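Position 170 of the first sequence, counted from 1, bears residue number 156 in our numbering, the numbering being contiguous throughout.
Worth flagging that the hints you see were computed from the coordinates, not collected in a lab.
Hints are all accurate, no fakes.
FRET-style restraints, in silico, Cβ to Cβ:
1) G136 <-> A310: 16 to 24 Å
2) G436 <-> P510: 24 to 32 Å
3) G208 <-> A404: 50 to 58 Å
4) R620 <-> T581: 18 to 26 Å
5) A625 <-> P435: 54 to 62 Å
Everything numeric in this text was worked out from a predicted model, so none of it was measured.
Glycine included, each C-beta is placed from N, C-alpha and C at the ideal position.
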Amino acid sequence: MRTAKRTAAREPAAQLPVARIAVDVPLAHLDRPFDYLLAEEQAAVAVPGCRVRVRFAGRLVSGYLLDRAQASEHGGRLAYVERIVSPEPVLAPEIATLARAAADRWAGTFADVVRLAVPPRHAAAEAVATPQARPTPAPPDLTSLDDYDGGAQFIRALVNGESPRAALTALPGDWPGTVAAAATTTLASGRGVVVVVPDHRDVARVASKLGENAIALTADLGPAERYRRFLAVRRGAARCVVGTRAAVWAPVADLGLIVVWDDGDDLHAEPRAPYCHARDVAVLRAHHARAGLLLAGFARSVEGESLVQRGWLRSLEPATAARARALPAVRASGDDEDLARDPVARAARLPSLAWQAARDALAAGAPVLVQVPRRGYVVSLACAGCRAPARCNRCAGPLTRANAGATPACRWCGHNAADWACPYCAATATRAAVVGAARTAEELGRAFPGVTVRTSGGDTVLPDVPAKPALVVATPGAEPSVPGGYGAALLLDGWVLLARADLRAAEEALRRWLGAAALVRPGPEGGRVVVVAPGELRAVQALVRWRPEWLAARELDERSALRLPPAVRMAALTGTPGAIADLLATAQLPEVTETLGPVPSGGEQERMLVRVPRRDGNALAAALKAALAVRSARKADEAVKVELDPVVVI
DNA sequence: TCAATCCGTATC
DNA sequence: ATACGGATTGAC
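Put together the whole structure using the sequences plus the hints.
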């Protein structure tokens, strides 16, 4: 009775009374717009993109108004929009279209994607007026892309208002300046820019180059500040956004360029459903918006190389002269024969090449970067001869030493392994399999008496260090910058990175090495890099020759041969065996679909991989989405996690 | 014959 | 999810 009376009291708006609403419900089978009526008094504020509350299946839910129409296709009665939460059109039409495309591409729901794209509302921030947009900046007074073959053309295209697309492998030096040059050029052409970088330190670096022109969007801002800056962008007051992965959705109008720095970094992969990757969203958005795209980094991801080989991106590589000017001298030092004769350097696991490079750099008054694979102290032991993990011969648990000099013992069963011998090479000596930054710092301190040793990694990341003699021990990604560059970099225990049982091990190892090596001063100024890993390995060769494109191309060839992504489109299905079987039985997968697995995935869970040729990728996503919808309508109790193009495949 | 409960279906 | 309708069951 009451509802009937209330409904009767409302009058539909005279103009465009039908509102198409995307409701925020998590169910795959409800992932489509629903029509509602707008009351006359709501008509003025009900703008496309605004937040609403509607009654849906009896309860109040949030939603976004997508657009308005004069009439509805829906046969039944329409309910009224309960409330216009705010007239702020937070969901820009362009972003709504992009979110729909992304949801389809990753077999997810519109609601899930929009949750990534639009930050939660903060009413107080909304109430504050946004300052007016700044005038278009003067053309850039920054380093340009002249050091790269085709770089000048790329910049010229941006100046001319065109939308060039490229993958750039950056030289050591001022990468934030390079990114800022492309951004400022685009701004000067009267268009907007989005720059996406892995973490907030990188945001600060790029933002400082862009100064007043840019607005920084990171997840670590509080809700109020985050929403305030988002609104500044949406209201058109900021035309250039620099941020972490969610910034790829920033509603910059009239987008001219998207830059993604270091797209191989895992931080670009969204951990929330539907697990989209900022690089791939950038590709999608550049396509939709007809914007330019720059994938730049010291490394080249296999995905970036794939886009190059498909002709979608142009490859921008350093010109020969610029290489000679900017690259440090890189050498590999593979085996223990090469270990320094000095007993203290030996104890610190330093090959003579590395020791020499460090001594020379320190003598020249420069700091030395020492990259170690992982944080932590001694973890477990490996065979000193062949480096196979040392395992207990009773229970196969990992061997460890309680303290330096103690005999090895099993960490699982406690068995004393003093008589251990390697089952592969019969060696009886063990060595630390992974030596963390702290232990390395200790050992280096002894090898270089009187030299300051600093560590950066884990909880204590040093942003920068002074240009004075010091040993700077850092884990990958936590390398401090230094004015003028390091005199040398030692990349220790390279084999640990390469030994990861992961499809991306080689690519990832090179990416991390390049990240450290790029902080070293140029070869002509004495800059040297020594990587402690077997010189015959592809990733090591790619580093020594500084040819990341070459490794990416080789890795891509291999993935094509093995039919692995990005040569094919793949989905990982994780859940109980029954749930996965049900999903696969329900899904009308393309004829060509291959299934791999299952493999155990912890607990009761299994993981199954399905793959199709690239051209069938959309059909695969659509089929999986449809099957998820059927299962969600059926109230299937056990969920299956569906990830398209998972970052970690094996 | 009626109520309590179950199952399936739609959600505007 | 949640709400609703129709079928189904069980006790009088």
